[in-house]
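Sequences listed follow chains A and B, in order.
The first sequence: position 56 = 56 (this note's numbering), numbered continuously.
The second sequence: position 310 = 310 (this note's numbering), numbered continuously.
Bear in mind the hints are in silico, worked out from the structure with no lab data behind them.
Where hints are given, some of them may not hold.
[As the list claims (entries may be wrong)] Pairs of lysine to aspartate or glutamate residues, derived as EDC-like cross-links and limited to a Cα-Cα distance of at most 16 Å, are as follows:
hint: 1; chain 1: A; residue 1: Lys431; chain 2: B; residue 2: Glu290
hint: 2; chain 1: B; residue 1: Lys431; chain 2: A; residue 2: Glu136
hint: 3; chain 1: A; residue 1: Lys295; chain 2: B; residue 2: Glu417
hint: 4; chain 1: A; residue 1: Lys326; chain 2: A; residue 2: Asp294
hint: 5; chain 1: A; residue 1: Lys295; chain 2: A; residue 2: Glu278
hint: 6; chain 1: A; residue 1: Lys81; chain 2: B; residue 2: Asp91
hint: 7; chain 1: A; residue 1: Lys28; chain 2: B; residue 2: Glu115
hint: 8; chain 1: B; residue 1: Lys295; chain 2: A; residue 2: Glu394
[Stated by the list, open to error] To spell it out: a stretch of chain B is covered by chain A in this simulated footprint if at least three of its residues, at any positions, have a beta carbon under 8 Å from a beta carbon of chain A; those stretches are:
hint: 9; region: 228–237
hint: 10; region: 365–377
Don't be surprised by glycine CBs; every beta carbon is placed ideally from N, CA and C.
There are 2 protein chains.
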Amino acid sequence: MVIFAPSTKTNKRLLNYEIMAAKPSIPKGTRDFSPTEMAKRNYIFNTISEVFRLFGFEQIETPAMENLSTLMGKYGEEGDKLLFKILNSGDFLSHTGDEELLARNTNKLAAALCEKGLRYDLTVPFARFVVMHQNEINFPFKRYQLQPVWRADRPQKGRYREFYQCDADVVGSNSLLNEVELLQLIDEVYRRFGIRVSIKLNNRKILSGIAEIIGEPEKITDITVAIDKLDKIGLDKVNEELLSKGIPAESVDRLQPIILLQGANREKLATLRTVLKESETGIKGIDELEYILDKIETSPLHSELEIDLTLARGLNYYTGAIVEVKALDVEIGSITGGGRYDNLTGVFGMPGISGVGISFGADRIFDVLNQLDLYPEDSLQTTQILFVNFGEREEAVCLSYLPRFRAAGIRSEIYPEAAKMKKQMSYANAKKIHFVALVGESEIEAGKITLKNMITGEQQLLSVEEAIAHIQS
Amino acid sequence: MVIFAPSTKTNKRLLNYEIMAAKPSIPKGTRDFSPTEMAKRNYIFNTISEVFRLFGFEQIETPAMENLSTLMGKYGEEGDKLLFKILNSGDFLSHTGDEELLARNTNKLAAALCEKGLRYDLTVPFARFVVMHQNEINFPFKRYQLQPVWRADRPQKGRYREFYQCDADVVGSNSLLNEVELLQLIDEVYRRFGIRVSIKLNNRKILSGIAEIIGEPEKITDITVAIDKLDKIGLDKVNEELLSKGIPAESVDRLQPIILLQGANREKLATLRTVLKESETGIKGIDELEYILDKIETSPLHSELEIDLTLARGLNYYTGAIVEVKALDVEIGSITGGGRYDNLTGVFGMPGISGVGISFGADRIFDVLNQLDLYPEDSLQTTQILFVNFGEREEAVCLSYLPRFRAAGIRSEIYPEAAKMKKQMSYANAKKIHFVALVGESEIEAGKITLKNMITGEQQLLSVEEAIAHIQS
C-alpha cells in the first residue's frame with residue numbers, strides 16, 4: 001500500500017487501520033472454544049451420549065453440507081433466509097445469463113449460484129438419512145446425533161450462528177413406551193448433571209380438543225399464551241386478553257376450568273376428561289397422558305413431572321406428546337424439548353413414518369452448570385503430573401519414568417526445556433496440574449522422585465510405584 | 001405440475017422423473033455415517049484423543065466458518081480454488097455494480113459475494129486461534145483438535161470433500177523433546193490399535209545440506225523423488241533420472257553415498273556426517289536426529305523407527321523434523337504425518353512462534369483397521385440387552401427391571417411394542433445385541449427372567465441380580 005504525501009496524523013491512522021485489519025478475527029456469531037471450555041463441553045456431550053447409549057440409542061452423523069433441495073422449504077420462508085448457502089465451485093456464473101444477473105433477484109440468483117447449504121438443524125438431515133438408508137435401517141430406529149448446525153440469525157447474547165444440537169429420536173414406532181423411555185432418559189441425564197429440573201408434559205391432541213369444543217381451531221396459540229400469563233396477570237386479565245383476541249364470551253366461559261386447571265397431574269386429567277368429553281381427539285390425548293403417567297409410576301422419576309397445558313412448542317410439527325424441561329435453580333429458557341411427530345419423511349416421499357424425539361440444549365446446559373458450579377472436578381482436570389525439567393541429565397531420567405506413569409493411565413508430561421523453576425511452576429498452575437515431580441541430583445541418587453501436591457503444597461519423596469499409587473488414589 | 005394432453009407413456013416417464021427428482025441425495029464427496037461406522041470412528045477418535053491427553057495435550061475447537069481473509073492465500077493458488085465459500089446473507093449483491101457483474105471475473109465476484117469460507121485444514125485456524133488468544137494461552141501450548149475440514153477437491157476413491165483431521169501440536173517451544181514425545185505418542189496410538197507400523201523420520205536441514213553441497217538448492221524435490229525409486233528401478237536409472245533433471249554429472253557423483261545410504265539409523269547418520277561435513281545446516285540436521293535417537297533409546301518404541309531421506313512432505317512448510325507413518329501390513333499411503341515449522345503465526349502478525357505437530361489420517365486408519373479386522377469387539381457393541389415385549393402386563397414388569405440394569409451401566413432397551421417374536425428377535429440380531437431377556441408369565445411368577453445369549457443360543461433362568469452379574473462378567 002502506497003500513501004501519497006500524507007500528513008503524519010493521517011499516516012498513523014492508516015497504519016493503525018492496516019494493523020487492525022491484519023489482526024485476525026472470526027465471523028460474528030461463531031466461537032472458539034478454549035481447553036477449559038472444551039473440557040466442560042466434553043463433559044456435557046459425554047454425559048448425554050452415555051445416557052443415550054444406556055437407553056439403546058445409536059449414533060449417526062450426516063455431512064455439514066446438504067443439497068439445498070433437501071433444506072429449502074422445510075423451515076418456512078424465514079428459515080430459508082437463515083440458511084447458509086455455499087457458492088458453487090469453479091465457474092459459478094456459467095448457468096446464469098446477463099439478464100438474470102442484472103435482475104438482481106437475490107432468491108433466484110442464490111439458487112443459481114449455490115446448490116449446497118449448511119445444515120440448519122439435525123431433524124431434516126435425519127429425515128433425509130432415513131429415506132436414503134431405509135433398506136439398511138433396523139426399525140424401530142433409535143438414533144442419536146451430536147453435531148453443529150448453522151443459522152444466519154442475528155447474533156445476540158446466547159444465540160450463535162454455529163451451535164451444537166444433541167438429538168435422540170425413535171422412528172418407525174407408534175408405541176407410547178418410547179415417550180416413557182425418553183422421559184426417563186431426560187430424568188437420568190439431569191440426575192447425572194445434578195441439575196434440579198421440572199419436566200413439563202402436554203399433548204397436542206388435548207390442545208386440539210380444547211380448540212374443538214370452543215369451536216376456534218386457529219386460536220390455540222392465543223389461548224395457550226393467555227393461559228400462561230395467569231400467575232402474572234390474574235384471571236380477569238387473562239379473560240380480557242382472550243376476548244380481545246376475538247374469542248367469543250361463551251367460549252371464554254367454557255375455557256374457565258382449563259384456565260384455572262390446578263392440582264396434581266391426575267386431578268388435572270380428571271377435570272380435562274369432563275371438559276373435553278365431547279372431543280374424541282381431546283379424550284385420546286388424555287388417554288395418552290394417563291398411559292404415560294401409569295408407566296412412569298413403575299419406576300418414579302427423580303425430577304418433578306408436570307402436565308402443563310401452556311406448552312405449545314412446535315405446534316405446527318408435533319402431533320402427540322410435547323415435552324419441555326426447565327431448570328429450577330436458574331432463570332433460563334427451556335433446556336430440553338421434544339415431542340411426537342407423525343410424518344417425518346413424507347416430504348421426501350416416504351409416508352407413514354412416525355417418530356418421537358428430544359433435543360438437549362448444550363449451550364444452555366453449559367450456562368446452568370457454570371452458574372450452579374456443578375462441573376465435577378475430575379471432568380476439568382487435564383494433565384495430572386508435570387515433570388520439572390532441570391537439565392539434560394535429569395531430563396533423561398524423567399524420560400525413563402514417564403512411560404510408567406502413562407502406562408498406569410496417568411496423564412503426564414515433562415516441561416520441554418530446562419526453563420527457570422518459576423516459569424515451569426506457573427505453567428503447571430495455569431494448566432491446573434495437580435502434581436509436580438521434582439527429579440534433581442539427590443532424587444536420582446536415591447532412585448526416587450519428590451512429588452509435590454500443587455493444591456496442598458505438600459511434598460513427599462516417593463519411588464515411582466509409590467508416586468503412581470498416590471496419584472491414582 | 002400440470003401436464004397438457006400427454007400420452008400415457010410420456011406421462012409415466014414424467015412421473016418417474018418427478019419421483020426420482022424428489023428422492024433425496026447428499027452432495028458428492030460427502031458421506032453419511034451409519035451406527036456401525038460411527039462406532040468404529042468413535043473407537044478411532046477416542047483412542048487417539050485418550051493418547052493425546054495422556055501426553056498432556058488439551059483440546060480446542062474452532063468454528064467451521066472462518067473469514068475468507070483468514071483462509072485466502074494460505075494454501076497456494078490451487079488451495080484458494082478449493083475453498084468452499086459461503087454466500088453472504090441478505091442482499092449479497094448490494095456492493096457489486098452492474099459492470100462488475102457482467103465482467104464475470106469469478107475470483108473477484110466470489111470475493112464480493114462471500115466473506116466467509118469453510119475451514120480447509122486445522123492448521124491455519126489454529127494459527128489464527130493462537131494469535132487471537134495469545135494473552136490467555138499458557139505456552140508451550142500443547143493443543144489437539146479433532147474436527148472436519150472441507151475441500152472442493154474432485155472426489156475419488158478415498159478422497160472426500162468433508163473429512164476429519166486429528167492434529168496435535170506443541171507451539172512456543174523449540175525443544176527437540178517435543179519431537180521425542182510426539183514419536184512416542186504416535187507409537188502408543190498404533191500400539192493401542194494393534195497396527196504394525198514403520199515410523200519414518202527425516203530432517204529438512206539434511207535435505208537443505210544435500211542441496212547445498214551439490215549447489216542445487218531448487219532440486220531437492222527432484223532428488224528425493226529419484227532416490228525414492230532406487231528399489232524399483234536400480235541405481236543406473238536413478239542416476240539417469242537425476243541427469244535428466246538437469247543435475248550436473250559431478251553433483252550426481254557426489255550424491256552416490258546418499259542414494260546408496262543403507263544400514264541402521266546410526267550408520268546412516270555417520271555416513272551423512274562425512275558427506276555433509278561442509279554444510280553447517282546439514283550437520284545441524286544430523287545433530288537433531290542424533291539427539292532424538294538418543295532420547296528415544298531411553299524407552300524404546302514398539303514400532304520400527306527409520307531414518308528415511310526420501311521423506312519430503314510439506315517441504316515448503318517444515319523446517320526441521322519431518323515424520324511419516326506407514327502401515328506394514330496394508331498397502332496404503334501415509335497414515336500419519338507431521339514435522340516442525342518455524343513460523344506458524346507470522347502471516348497473522350505474530351512472528352517467532354515455532355511449533356511441531358502431527359496429524360492422524362482417520363479415514364485411512366479406518367480402512368486399515370477394517371482390512372486387518374482389528375476393531376475390539378466391545379467397541380462395536382451397542383445395546384447389551386433387549387427385553388422382549390410380550391404385552392402390557394409383562395411390559396410393566398420389564399419396565400420395573402430396566403432401571404436396575406441401567407443403574408449397573410448396562411445398555412438396555414425394551415422393544416416398544418408387543419410385536420411378533422420373530423420380528424423382535426431379528427431386531428436384536430440386526431442390532432447385534434448380545435442378550436435378550438424373556439419375561440413371560442412363568443418368569444413373572446418365579447420373579448426371574450430368562451436370559452438368552454444370542455451368540456451361543458444358551459438360555460438361563462436368573463434373578464435380576466444374577467442376570468446383571470452375568471452380563472457384566
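The hints, checked one at a time:
Proposed proximity of Lys431 of chain A and Glu290 of chain B is contradicted: the alpha carbons are some 32 Å apart, above 16 Å. As the CA atoms of Lys431 of chain B and Glu136 of chain A are separated by approximately 11 Å, the hinted pair is consistent with the 16 Å bound. The hinted pair formed by Lys295 of chain A and Glu417 of chain B meets the criterion: a straight-line CA distance of about 14 Å does not exceed 16 Å. With a C-alpha separation of about 23 Å, the suggested pairing of Lys326 of chain A with Asp294 of chain A is violated against the 16 Å cut-off.
Only pairs whose Cα atoms come within 16 Å are accepted, and Lys295 of chain A paired with Glu278 of chain A is rejected, the gap being roughly 26 Å. Straight-line distance between C-alpha atoms of Lys81 of chain A and Asp91 of chain B comes to about 11 Å, which keeps the hinted pair within the 16 Å bound. About 11 Å separates the Cα atoms of Lys28 of chain A and Glu115 of chain B, which keeps this hinted pair within 16 Å; it holds. The suggested pairing of Lys295 of chain B with Glu394 of chain A holds, with an alpha-carbon distance near 12 Å, which does not exceed 16 Å.
Closer than 8 Å: that is the beta-carbon criterion, and the region 228–237 of chain B has 0 residues meeting it against chain A, so the requirement of 3 is violated. Check result for the region 365–377 of chain B against chain A: violated, 0 residues qualifying (beta carbon to beta carbon below 8 Å, three or more required).
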